[in-house]
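*Asks:* Protein chains in written order, with the numbering used here: chain B, 1 to 513; chain R, 1 to 361.
In short, the hints are calculated from the structure, not lab data. There's no promise every hint is true.
To be verified - Dumping the calculated DSBU-like pairs for lysine-lysine here, alpha-carbon to alpha-carbon at most 35 Å:
| # | chain 1 | residue 1 | chain 2 | residue 2 |
| --- | --- | --- | --- | --- |
| 1 | R | Lys290 | B | Lys348 |
| 2 | B | Lys348 | B | Lys443 |
| 3 | B | Lys443 | R | Lys287 |
| 4 | B | Lys443 | R | Lys290 |
| 5 | B | Lys348 | R | Lys287 |
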Amino acid sequence: MSPSSVDTSQAPVLEVSGLTVEFPGVRALDGVDLDIRAGEVHALVGENGAGKSTLLKVLGGVYPPSAGTVRLRGEVYAPRRPSDAHAHGIAVIYQEFTLFPDLTVAENVYAGREPHSRWSRGIRYGQMRAGCRELFGILGVNIDPDARVADLSVSEQQLVEIAKALGADGQVIVMDEPTAALSKEEVERLLDVVRRLRDEGRSVVYVSHRLEEVFAVADRATILRDGRLVRTLDITATDEDELVRLMVGRDIDSVFHREAVAEGRVVLRLDNVSAGRHLRDVSLDVRAGEVVGIGGVAGAGQAELTQAVFGALPLRAGHMELDGQRFAPSNPADALAAGVGFLHEDRKHAGILPDLSVRQNLTVTVLDRLRRGFARLLSSRAEASTYTEYASRLRVRATGPDQLISELSGGNQQKVLLARALAPGGRVLVLNEPTRGVDIGAKAEIHALINELTAGGAAVIMVSSDLPELLGTSDRVVVLSRGRIVGVLEGQDRTEENVVACATTGRRIGVAA
Amino acid sequence: MTSDTALPPAPGAQAPAPATETQRRWARQHSIGALWETWGITAVLVVLLAASPLLSSDFLTVANLQSVLRESAYLGIVAAAMTLAVMNGTFDLSVGGQLALVSVTTLMGYAAGGTGLAVLVAVITGVACGAVNGALVTAMRVPPFVATLGMLFVFRGIAYVLTQDGPKTLPYSEIGSPFVKIGGLNVAGIPLPFLIMVAFYGAIWVLLRRTATGRRVLAFGSSPEAARFCGISVHRIRMLIFVVIGLSVGIAALTYISRVWTADGSAQDGFELRVIAAVVLGGTSLKGGKGTLIGTFSAVLLVGVLNDLLVSRGVDASYQRVVLGCVLITALAIDGLRTRFAAPGSFAHMLPRRRREAPAR
Numbered sequence: 001m002s003p004s005s006v007d008t009s010q011a012p013v014l015e016v017s018g019l020t021v022e023f024p025g026v027r028a029l030d031g032v033d034l035d036i037r038a039g040e041v042h043a044l045v046g047e048n049g050a051g052k053s054t055l056l057k058v059l060g061g062v063y064p065p066s067a068g069t070v071r072l073r074g075e076v077y078a079p080r081r082p083s084d085a086h087a088h089g090i091a092v093i094y095q096e097f098t099l100f101p102d103l104t105v106a107e108n109v110y111a112g113r114e115p116h117s118r119w120s121r122g123i124r125y126g127q128m129r130a131g132c133r134e135l136f137g138i139l140g141v142n143i144d145p146d147a148r149v150a151d152l153s154v155s156e157q158q159l160v161e162i163a164k165a166l167g168a169d170g171q172v173i174v175m176d177e178p179t180a181a182l183s184k185e186e187v188e189r190l191l192d193v194v195r196r197l198r199d200e201g202r203s204v205v206y207v208s209h210r211l212e213e214v215f216a217v218a219d220r221a222t223i224l225r226d227g228r229l230v231r232t233l234d235i236t237a238t239d240e241d242e243l244v245r246l247m248v249g250r251d252i253d254s255v256f257h258r259e260a261v262a263e264g265r266v267v268l269r270l271d272n273v274s275a276g277r278h279l280r281d282v283s284l285d286v287r288a289g290e291v292v293g294i295g296g297v298a299g300a301g302q303a304e305l306t307q308a309v310f311g312a313l314p315l316r317a318g319h320m321e322l323d324g325q326r327f328a329p330s331n332p333a334d335a336l337a338a339g340v341g342f343l344h345e346d347r348k349h350a351g352i353l354p355d356l357s358v359r360q361n362l363t364v365t366v367l368d369r370l371r372r373g374f375a376r377l378l379s380s381r382a383e384a385s386t387y388t389e390y391a392s393r394l395r396v397r398a399t400g401p402d403q404l405i406s407e408l409s410g411g412n413q414q415k416v417l418l419a420r421a422l423a424p425g426g427r428v429l430v431l432n433e434p435t436r437g438v439d440i441g442a443k444a445e446i447h448a449l450i451n452e453l454t455a456g457g458a459a460v461i462m463v464s465s466d467l468p469e470l471l472g473t474s475d476r477v478v479v480l481s482r483g484r485i486v487g488v489l490e491g492q493d494r495t496e497e498n499v500v501a502c503a504t505t506g507r508r509i510g511v512a513a
Numbered sequence: 001m002t003s004d005t006a007l008p009p010a011p012g013a014q015a016p017a018p019a020t021e022t023q024r025r026w027a028r029q030h031s032i033g034a035l036w037e038t039w040g041i042t043a044v045l046v047v048l049l050a051a052s053p054l055l056s057s058d059f060l061t062v063a064n065l066q067s068v069l070r071e072s073a074y075l076g077i078v079a080a081a082m083t084l085a086v087m088n089g090t091f092d093l094s095v096g097g098q099l100a101l102v103s104v105t106t107l108m109g110y111a112a113g114g115t116g117l118a119v120l121v122a123v124i125t126g127v128a129c130g131a132v133n134g135a136l137v138t139a140m141r142v143p144p145f146v147a148t149l150g151m152l153f154v155f156r157g158i159a160y161v162l163t164q165d166g167p168k169t170l171p172y173s174e175i176g177s178p179f180v181k182i183g184g185l186n187v188a189g190i191p192l193p194f195l196i197m198v199a200f201y202g203a204i205w206v207l208l209r210r211t212a213t214g215r216r217v218l219a220f221g222s223s224p225e226a227a228r229f230c231g232i233s234v235h236r237i238r239m240l241i242f243v244v245i246g247l248s249v250g251i252a253a254l255t256y257i258s259r260v261w262t263a264d265g266s267a268q269d270g271f272e273l274r275v276i277a278a279v280v281l282g283g284t285s286l287k288g289g290k291g292t293l294i295g296t297f298s299a300v301l302l303v304g305v306l307n308d309l310l311v312s313r314g315v316d317a318s319y320q321r322v323v324l325g326c327v328l329i330t331a332l333a334i335d336g337l338r339t340r341f342a343a344p345g346s347f348a349h350m351l352p353r354r355r356r357e358a359p360a361r
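Same shape as in the complex, but just chain R:
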């Protein structure tokens, strides 16, 4: 019977206007913590971009931005697939070895049969690597940590074996080849590797949010025991995840090797940890069940932009690693604080107080 509009305004009220019902409902349902979870790292990226002209005068040039996007792509593609794994409560430590191996075999494929064969070999090698991991985890019941750690050495070792008589390289005469265009082409000013990365994120988003399989990945990550009683088979899901990671490495290796032109067993040492760092920085919980692709996407770009800024300021490469580590730890420390503000309704305190209710009749 009582409505807010029926109440006479308090005489001489200087207080701000009371919040509307819509605002209230929004404030009840959302929280600072939940908002940070989804958009926090993106916000940091935007702030960093806004501040970049102050840090480096030539950051905001087309060529420089293109180079940042181009160089972030291969990390970003694998990070998207890794997000899927981390949400499921697992991870793949072998992606560094996979990347080295796929890079080597791709160059061998190119030498044997040109661009078409190179692309085919990249995808097949990647998927095969993923299938091996998946089989170890599902059929042999090896814990993912151990299985992928072991395969990290195996994949890298095979890459070393294949390059015993020198690193595989793309000869300079091939500069006009379509293969080189994969890493070098700009479409409407946007680097092709970045476009591939965006398309891959789109595909993973569809898999995660719009398919039954994606839902099961999330459900299992949230509570493995409950998922079992929902009829979810961990083996099928884990197999799929490792194959998708292998595929992502295949695609990522194409955008990487067509840019750097040379590979041996030592290529991209420590890649796996950079990928996992980006996923965690993006707000995906290592405990599983929680995470966003947009977070990983922004985290990858944040790392790329940060590296570029540090380089342009002339910071030594060793210090870049220190900075990256500190950023990761800071992000997780904020994450720890965040849980205090995660409850819905934490915005409600910020709204102006509701005027005193009319006395009950």
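This is chain B alone, in the form it adopts within the complex:
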């Protein structure tokens, strides 16, 4: 209220109090307090879904808070749109960059505030170039202001984003997982840039899953868990183990029951598989009746792994075996024909066929089995019986087989998609985030179904970013980090702390070095 009476050197630049953000059915942030001082690097850590991204989006003017206030230098800061954040000197650098790929570096750095001559309104390119060089000088990097942004590497693009924030006089620079796609040298350079920003007197909010970086660069760290503030710590007064404990910190209750199953023969074998941009040298056996959980921070290679098994992503190296036979699906149709079912993590965009009925959505993977007679036409009777069989097994609740799938609840849509994955034979199931965005009742039903399926001899690969689910429903947890397996957790080792430790520190457990 009275900023003049406070000593500005000690006062926080940014003060968040009681911040709550609610989405339909979810409370993403719940009464979070946070203060950012001038000239500090403040790390924000927490599991997937802890609320870090939501907090950033509030600061960046993307989401309005449901309750609570944010103060910037003592004054209420309530951005209504991202441009308000820029105007107040808050620059949020999201994981997806907001650069124009076909424009030059200088044009991007000065996008929207190009220096121009007064009379002709012509843009002063010389001034832009000089300004860019000056900014890059502060950052200690060397990027050509005339280069096209699309031609730069990811790390250089990130530096352009930072220069843009700096050029717009950003006092608070927020970085969301800035090192997710960087090599080791690039990470070093970025951390160096972050230190330079701090020495300039700017505040940096640094969100990262990688605790080594947090310890290398941050002054303080705030831990979020399930949308709530756990604690803010001085980095010198803590260690990795304490952070991991605080990030997880939940009583491991036995919500999920994984029934022990007899170990079967190896159904699916991956041998030094490399695929996509960064999945490398993954070897994995999946046995009949087993659920192999795949953990790791978002984007560590889970999607590449599952898509490679489903034939949606070609292998760069290595090979796979199914029942001891060479398995090299060149497309998802091959994998379906071999009895591999697949559930995509993005139900809305890559799962449901929104204009089609529930029945049509369910049978789309097995149409060839529903053809009858000389003309090989689809048999309505065969289709109806397939629908009835799976819909009742998965307890799909729809007004009828002809209801559009887009009219169902998320949980029921997911059950239809699970039935679709099951229908090709259910020998191998590749499930990405099987319970994401699903209500608790449906969640329990889906977990029971997975138990039931494995009891029948199915081999399941399950990716989940929900730790209790990952541990509770799988027999073995494989942790990926940067496209490699860094942990295979079995028996006593299967704890949330170990998963988080493997995923964030790269500490290896149960893997040959």
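Take the given structure of chain B and dock chain R to it, following the hints.
*Replies:* For chain R alone, kept in the frame of chain B given last:
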């Protein structure tokens, strides 16, 4: 435990009888929007037909109706195949060029070997045109818009080249040929081109609703990304679609050229846009995944009837185009409003209110 019949009627109730359970279920599951989507344009056609005697006294004569059906057929046949493409989220801009080319080659085939060869040449040329489009889109990965736009010029250009020394024509002496009967014959009073069109719609309906391929066409149109993870190959589907369109143009050209007897490179200029307009007017979404053949069928006839009425009222041909454009835009504007009423249950408000429930025990 409670049933509606057990409740005593409200004393002195003047309200209409409450809706039956069947009515309620129907009202919950259907919506004004969904009904309009399937039957809207057909309803407009019926209204227009009912009103036609007021607009033109000699519209409802057998000869006139026959002529409307005869002239609508070639547009309708290609529109059926185009519906398939639009449902899949693509379209073919080259059908106008294809029609000109097939017409020219068919007349050349007739000159060389009579009716049999003409029919064969028509079908082969059409399918070949479609296969070229399909190969460009699938093997060369050219976006359908660009590929078919380019081929529109190429096909038409070839037709021009073939008719450099004058348009191909059917000499008047051939009036008794079976070839001419394709366009001119009436079977039980119904023009043969219209019967061919109806049969073609039947075939496309079977392909779309009763085959695995048709289902995949729809699935891909609804969500290309999801379809990929259902094991659907876009290339196989797109190839089939373009070949079916080529075939449809071959058949359509037979019903067209056997009626007009002459063709050169300029034949049916702007045909492709009239076809797409009919498909869109019929309620098929350009975004893919949604649409009905009956809608396209009715839209084609609606355009035919409207043109005929305008001609008989003596409206200038230039104004006919203006009217057609306005009809299309009006239909799509209604379509935009429709989404507001598309949710199931929009009928429920129209039913009489349910009587107050018995208090809970």
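*Asks:* If a hint holds in the structure, say so; if it doesn't, say that too.
*Replies:* Going through the hints against the structure:
Among the hinted pairs, Lys290 of chain R with Lys348 of chain B is consistent with the structure: their alpha-carbon atoms are about 17 Å apart, no more than 35 Å. Restraint check for Lys348 of chain B and Lys443 of chain B: the C-alpha separation of about 17 Å stays at or below 35 Å, so the hint holds. The hinted pair formed by Lys443 of chain B and Lys287 of chain R meets the criterion: a straight-line CA distance of about 33 Å does not exceed 35 Å. As the CA atoms of Lys443 of chain B and Lys290 of chain R are separated by approximately 32 Å, the hinted pair is consistent with the 35 Å bound.
Distance hint between Lys348 of chain B and Lys287 of chain R is fulfilled; the C-alpha atoms sit about 16 Å from each other, no more than 35 Å.
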